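There are 2 protein chains.
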Amino acid sequence: MGAPETEADPAVLEPAVVDWLAIDWGTSNLRAWAMTGAGEVLACRASEKGMGRLAPGEYPGVLSELIRGWTPRDPGRPLPVLICGMAGARQGWCEAPYLPVPTAPLGTGAVTPPDAPAGLAVRILPGLCQRAPRDEVMRGEETQIAGALARDPGFDGTICLPGTHCKWASVAGGAVTGFQSFLTGELFELLATRSVLRHGLAGAGEDPAAFDAAFGAAVGESLAEPGALPAGLFGIRAAGLLDGLAPDAGAGRLSGLLIGSELAACRPRWQDRPLVVIGAGRLSDLYAAALARAGAAEPKRLHATEATLAGLRAARALMELE
Amino acid sequence: MGAPETEADPAVLEPAVVDWLAIDWGTSNLRAWAMTGAGEVLACRASEKGMGRLAPGEYPGVLSELIRGWTPRDPGRPLPVLICGMAGARQGWCEAPYLPVPTAPLGTGAVTPPDAPAGLAVRILPGLCQRAPRDEVMRGEETQIAGALARDPGFDGTICLPGTHCKWASVAGGAVTGFQSFLTGELFELLATRSVLRHGLAGAGEDPAAFDAAFGAAVGESLAEPGALPAGLFGIRAAGLLDGLAPDAGAGRLSGLLIGSELAACRPRWQDRPLVVIGAGRLSDLYAAALARAGAAEPKRLHATEATLAGLRAARALMELE
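Residue numbers (this note's numbering), protein chains in the order written: chain A, 1 to 322; chain B, 1001 to 1322.
Hints may be right or wrong, so weigh each one.
For each label pair, taking beta carbons as the anchor points, the in silico distance ranges come out as [claimed, not checked]:
1) Pro1133/B - Arg134/A: 29 to 37 Å
2) Asp243/A - Gly1203/B: 41 to 49 Å
3) Gly1203/B - Arg134/A: 21 to 29 Å
4) Glu1040/B - Ser28/A: 44 to 52 Å
From chain A, some residues computed to sit far from chain B (all C-beta separations above 10 Å) [unchecked claim]:
5) Pro226
6) Ala265
7) Ala289
Rough simulated footprint, nothing fancy, chain B against chain A, three-plus residues with beta-carbon under 8 Å [stated by the list, open to error]:
8) 133-147
9) 239-249
In case anyone wonders, no lab produced these hints; they're calculated from the structure.
Please read these numbers as outputs of a predicted model, since none were measured by experiment.
Ideal Cβ positions, reconstructed from N, Cα and C, are used throughout, including at glycine.
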């Protein structure tokens, strides 16, 4: 299960006889998995043609191109294609609604784009929204949450999904009861690459130990002192000028101030609550490290792709019952 | 006093017989004032050739071009040219030191670039730095602070200088005793134009009343609740999607969350302290409005250019004593 993800290579199309397709159509990337009825992955293709790069009319062609060579087991029936993610956004392929919390992460509301390619039964899954106490939306993460719940249906706690816009979802009784979002990942990127801080952070990546030390200290500062983030940002530049603060220490400090201030702002979600962190790679490791520094219980870790696939399988199972 | 600032127009060079030149060489802009010995402004020229756009070797030519047609009253002596701002930065014309606080804002340490044009006695003023409790630097603002003190030498309080990187300087006995800097202006620009929030803020500027109402409410939230800024940023996007939050209300909310969190982080600087706000235009008005919302005493307002000129006059007076 889980063939390696490869870019679609027109010279080498692995013909695969599929029962349905699982698709994660994000802002930057598109991934498609050829699935058996039992939920096994036969093949995987990936492309950079995410929602952020496509006009609405381009989706059918991009999808057809990506899955070229994958043959339905039963050509007499439309091939079910389940899509989660930003393809269902207003600026995506076909807008899918938001289900308002509290709600199970999967439910009714999937939409079928009118220009879906012939032979494909395309369903784009809805996102989730919240109106009180704060307006919130998510699109794509609900499928990963569904994947986590498929493995642990009775989970009562918080699911954290780090990313460009980190989400913290409270879950009980199979439902998302509330959630909140942070711009932390995007803020880091903007500050590190486009603000005055970029001068001192260029070249970071060579000294993980320096990064981690600065990160942990900055998380601690943010948790102890609410104003640490706004008051501390310019100081990263000043320390570079006055004390020769090295790039990795600067990047670690910036990351720690940001993630620490996020944790400080959503304490009730993680303090004394069972935690799951769904993510892949360095960013999830940083959130786990920050939670450890904050004294939270050690979270269960789920790989992002596995969670997405488990969620799409669960969505498929629900649709087969319709 | 105070001729209107105009771009250098080669077709119309107002010949001016000058005693010295006052120059504010910032990151984005360069402004030069032709001055009499008594400190009156005869003429002013401006250009977009700020430090951010120049290589080190370009400064002499840019300066000469800008002041073409301005004739020294006494051609037998080098014309004094006093420069404040980022021309003295590491990536500027010629690096001037930082004077460490506590210090009078003007003192020793002015540097003369070795490639100054013939006939000009160029002095670039030092900036200020701080090492404890936090590393801090400023370059250019110290001259505006000196201008404020020239008008009110006994001032004991805080001077706030809004800008891309807002500074809050504590002043007593003619000296800057400490200061702190915030990235607030730059953060607003990055979030409003490059983050996910840009979608909902496009077109802001048409409804100042909506902006101001949202601004005031958001300042109040940030002052009351430390986590309001990180927790509230994504909500501006969500409110745009779910409730049709209008661009001006969104921009006002973003600005209020940012400036409010800055005030929350530097409360000891403005709470129960005499205040001066040095700035020009909308941004200074926003800081003054935020301070009012926070219950601070009404600040005295100084126009940024007047403060810069008063500071350069004070620097000239000190140098004449040397």
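Evaluation of the provided hints:
1. Pro1133/B - Arg134/A: 29 to 37 Å: holds, 34 Å
2. Asp243/A - Gly1203/B: 41 to 49 Å: Roughly 43 Å apart at Cβ, these two residues keep to the hinted range, so it holds.
3. Gly1203/B - Arg134/A: 21 to 29 Å: Holds: the Cβ-Cβ distance is about 24 Å, inside 21 to 29 Å.
4. Glu1040/B - Ser28/A: 44 to 52 Å: violated, 58 Å
5. Pro226: Its Cβ does come within 10 Å of chain B, the nearest being 3 Å, so this is violated.
6. Ala265: violated, 3 Å
7. Ala289: holds, 18 Å
8. 133-147: holds (count 4)
9. 239-249: holds (count 4)
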